[in-house]
Amino acid sequence: MTMHRRRVWAIVRKESREYRRNRSIVVTMAIIPLLFSVQPLVAVLSLAHSEALAHEHVLLYMLGIPTLVPLFVAAYAVAGERAQGSLEPVLTTPIPREEFLLAKAVAAFVPSLIVSYAVFAVFLGIVAVFAHPGVAADVMQGSDLLVQVVFTPLLAGWSIWVAIGVSTRATDVRVAQQLSLLASIPTVLVIVLFALNVIAPSVSLAVTIATGAAALLVMLNLAGWRVTSRLFDRERLITSTR
Amino acid sequence: MAGAGSTAAIAVRHLTKRFGDRLAFDDVSFEVGQGEVFGFLGPNGAGKTTTVRTLGTLLAPTSGAADVAGLPLTPANGVEIRRRIAIMPESPGLYLRLSVRENLECFADLYEVPEPAERIERALRSVNLADRAQDPCGALSKGLRQRVALARALLSEPQILFLDEPTSGLDPVAAREVHELIGGLRERGVTIFLTTHRLEEAERLCDRVAILNTTLRTIGRPDELRDQSFTRSLTVRLVAPLAQPDTVFAEPAGVTAWHQPEPATYVLAVTDPRLAGPAVTRALVAAGADVLSISESHHSLEDVYLQLVDDDPEAAAR
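For the protein sequence lines, the chains are E and C, in the order given.
Here numbering that gives the first Met the number 0 is used: position 50 in the first sequence is 49, and no number is missing along the way.
Here numbering that gives the first Met the number 0 is used: position 165 in the second sequence is 164, and no number is missing along the way.
By construction, these hints were calculated from the structure, which means they are not laboratory data.
Take these hints with a grain of salt, some might be off.
Heads up, incomplete: computed chain C residues facing chain E, CB under 7 Å, no partners named [unchecked claim]:
1) G55
2) L57
3) R81
4) R82
5) I86
6) S90
7) L97
8) C105
9) E111
10) V112
Quick partial rundown of chain E residues pointing at chain C, CB under 8 Å, derived from the structure [claimed, not checked]:
11) R6
12) A9
13) N21
14) P88
15) T91
16) R233
17) I237
All residues carry an ideal CB built from backbone N, CA and C; glycine is no exception.
Take these sequences, add in the hints, and give me the full structure.
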């Protein structure tokens, strides 16, 4: 299938404009990062020495941001269009469903990534300036930083495909968000268990797990596009009651 | 079977659409000529919108075949068919947080139209919305939203324009503007497939109309349908009833039957009102009748529609 960039860009630009003017999405994009950054920040800044952090990977908490922010945004993708009655007109245009869904995913991915990395950068900046030097050094472990950088887009992508998949089947936006949230619980749980050192593998095993997880997420992201495209049933979306 | 043009813009052959056990439309066949304004009428639930959605590749037909804008209606041709047509659904379905121009920019890019800025300006001018381009669509009245939807449908300069109830909910002035716009499109040779409940609208705008009620009940020019459905007649009003109407109405040529709906009113079935009218007048004068008026009875498309739908048990049950 030949991808038409202009059609994809049309949806990406339209979505970006809508997101910026949708108070609910703007608030969600502000609150989730706050939830996932304030508590670890307070905990880190209140420590006077580094031992207290010996068994925690504080930065991993922040992977909750790229997991949850895109999920709430992408849940609007199809259910939101149906709710405002704009799905039928857009489906009467030449855009194929694969391009339509890819555009929706990109439109949710870009702001989620920007928010995640920006909050992460601000968090590191605050830790570097205000935390005890020993604590700051413990927080900013090279491996945790690498995990953060690599897994942020992979987790965001996965959340987006889950949310879009749910959105193609949900009857309204809130239901789509709630079901997407439920679907993300296993991912969030694994992150938290790693962050709390409950899952505490050896260094070599950690590298293996991280590499395996990254590879798995890459595959899931590629499969997500195809699976959601199949879930996107034009006929059912047009004819079923909202 | 097609109307104005030599090649059909739309050719539908035994098309059926079923949702599970429910039949939306059944065994529908018709053709629409290039540049024709084709009216698609029918009661609620008759299958009009489903037909539009099917021809617009949004729904797959259960059986039958069709050609739309020169292409067979198949899933493989969906993108190309949608490139050649435009559909204005009954509900405008605009992005309410975006401005009028932003809505049109999005659709201009989806259709990949050349020189989008110029096309948008032209579409806005054609629906008299050039001065509202920056307004958010959420702030517009229903009539203005309908006009934006029409501008959106015009952006790609489609070969075939499907208009699903384009004047639904519009006030008479806004409806007249839409009518004028349809007239302008007809002059530009755009084929228009118009579904409507407004029979006077169909009668005024459409070259031909079809009446659907799950199956296609009739199709033709509005005047043809009137002639097919109703015998031509003269209505005679007198000051007083005739003493011997049988004798009077037996004389004039072309009078095939008569009845008396009111004491001094007679309705005569005639073969040709222009020939029978003078003959009836002479016969009445010869009989000493005081004639108030003799007029040809006129039937509208609405009469045809009501006759078809009223006689239809499916419509009555709906």
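Hints versus structure:
1. G55: holds (6 Å)
2. L57: holds (5 Å)
3. R81: holds (5 Å)
4. R82: Constraint on C:R82 satisfied, holds at 4 Å.
5. I86: holds (4 Å)
6. S90: Given a least distance of 5 Å, the restraint on C:S90 holds.
7. L97: Since chain E brings a Cβ to about 6 Å from C:L97, closer than 7 Å, the hint holds.
8. C105: Hint holds; C:C105 Cβ to chain E Cβ min 4 Å, cut 7 Å.
9. E111: holds (5 Å)
10. V112: violated (10 Å)
11. R6: Hint on E:R6: holds, closest Cβ of chain C at ~5 Å, below 8 Å.
12. A9: holds (3 Å)
13. N21: holds (7 Å)
14. P88: holds (4 Å)
15. T91: holds (4 Å)
16. R233: Interface hint status for E:R233: holds (6 Å vs cutoff 8 Å).
17. I237: holds (5 Å)
Checked against the numbered hints above, the structure breaks only hint 10 and satisfies the rest.
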